[in-house]
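Enquirer: Chains A and B, in that order, are what the protein sequence lines are.
Under our numbering, the first sequence has 1335 at position 74, and the numbering climbs by one with no breaks.
Under our numbering, the second sequence has 178 at position 170, and the numbering climbs by one with no breaks.
Certain hints may be false.
Stated by the list, open to error - Derived DSS-like pairs: lysine-lysine, alpha-carbon spacing no greater than 27 Å straight-line: (1) B/K39 to A/K1353; (2) B/K215 to B/K39; (3) B/K192 to B/K47; (4) A/K1353 to B/K192; (5) B/K30 to B/K47; (6) B/K215 to B/K56.
In short, the hints are calculated from the structure, not lab data.
Values in this document were obtained by computation on a predicted structure and should not be read as measured data.
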Amino acid sequence: MAQHSHDYHIDIPGTTVFDGRMAMKGYALNKMCYDFNRAENREAFKADPEAWMEKYGLREEQRQAIRDNDILAMIEEGGNIYYLAKLAGIFKLSVQDVGGMQTGRTREEFQAFLASQA
Amino acid sequence: MAQILGGITTSHIPAVGNAIDKGLQDDPYWKPFFDGYPKVHAWIREHKPDYVVNIYNDHGLGFFLDRMPTFAIGAAHEYRNEDEGWGLPSLPPFPGAPELSWHIIESMVEDEFDITSCQELAVDHGFVVPMQLFWPGAPNNPDMPRAVPISANTVQHPIPTLKRALDFGKALGKALRSFPEEAKVVVLGTGGLSHQLDGQRAGFINKEFDQYCLENIVSDPEALTKISRMELVEKAGAQGTEFLMWMMMRGALGDEVTEITRNYHIPISNTAAGTLLLECAA
Ligand SMILES: [Fe+2]
């Protein structure tokens, strides 16, 4: 899908532009995460993650990313961070934890990195 | 006719709601952030707006990718704050102003802005945290104005251009000033400033770019319309695109504004936090 005439996809290292292509790829994963807005869905996922991922029709790569707790792989698979944040909440992970997981830092190292940009 | 008193912008980080709940305003981590608000409180107490137009971006509570409005305007009697997936306590509903909402919708569509009207709209931290910051105890603050929420899409590209956001604000200003009621309105723009939550570049903050935006949003917002959306992602971070809400707010205020107060602090959570209060020329 070449759309060079639009303001489309300059390469920004370490950044995925969540556009129509990614939104289609990640739809099932994001829908499952969106539905975590409801406590009963969070409980159902916790009780049987495999069955819950099957119910939403996640691709195998998406399921494996969740099994591995691999945020970068979830994003590669079309996950959008606003919906993934709801999944992270189930595991009691803060945005600093998630930041650290994606950048190879501990939570404390990631917080220090944030502060270093003041 | 209604009068626009001014506009207020603020970051709307979810952790702020938690800090307010726990009374952490004087905690060393939080104090430089909360110090940005007493002047806003004094201004609100002095002017007592009747309505608040709250321009924010939904983060996956009110809307999902099944249908994603570029610009949505609430037209409800009240707006419920619901669980965003983290099981945090929700606030009581915020009172709406449907007659003002429909006036805005009529005026905007006549001005060729195609918007989505919402008779039900659950509001997330993007709407709620600024209300808590500006009207402590919200919505149970005696000065709490009735609200019109406006949400712009920054979840999924293509997002609106900076020019479109500013133009939207200009049309919104025209709509508000033609509302046939002697009423005072304040416009909020929430979100930003630079931050990125996702990817190997997570944690990215750009003080220099934020300062450029803070300067120009006051005196020369047209200059900011030269920034392309991809440039905004690159320089403000993937979620720093929320600066669009500041542009929408600014457009509503007209050319002449007076800066009453400004605050900027790095970091709160993963974000460069900014606050700005601009008063319209009387
Ligand atoms: Fe946000």
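Enquirer: Confirm or reject each hint.
Expert: Cross-check of the supplied hints:
At most 27 Å may separate the alpha-carbon atoms for a hinted pair to count; B/K39 and A/K1353 meet this at roughly 25 Å. At roughly 19 Å between alpha-carbon atoms, B/K215 and B/K39 fall within 27 Å of each other, so this suggested pair holds. For the given pair, B/K192 sits about 19 Å from B/K47 by alpha-carbon distance, which is consistent with the 27 Å threshold. At roughly 43 Å between alpha-carbon atoms, A/K1353 and B/K192 are farther apart than 27 Å, so this suggested pair is violated.
Restraint check: the Cα-Cα separation between B/K30 and B/K47 comes to about 22 Å, which is no more than 27 Å; the hinted pair holds. The suggested pairing of B/K215 with B/K56 is violated, with an alpha-carbon distance near 33 Å, which exceeds 27 Å.
Checked against the numbered hints given earlier, this structure breaks hints 4 and 6; the rest are met.
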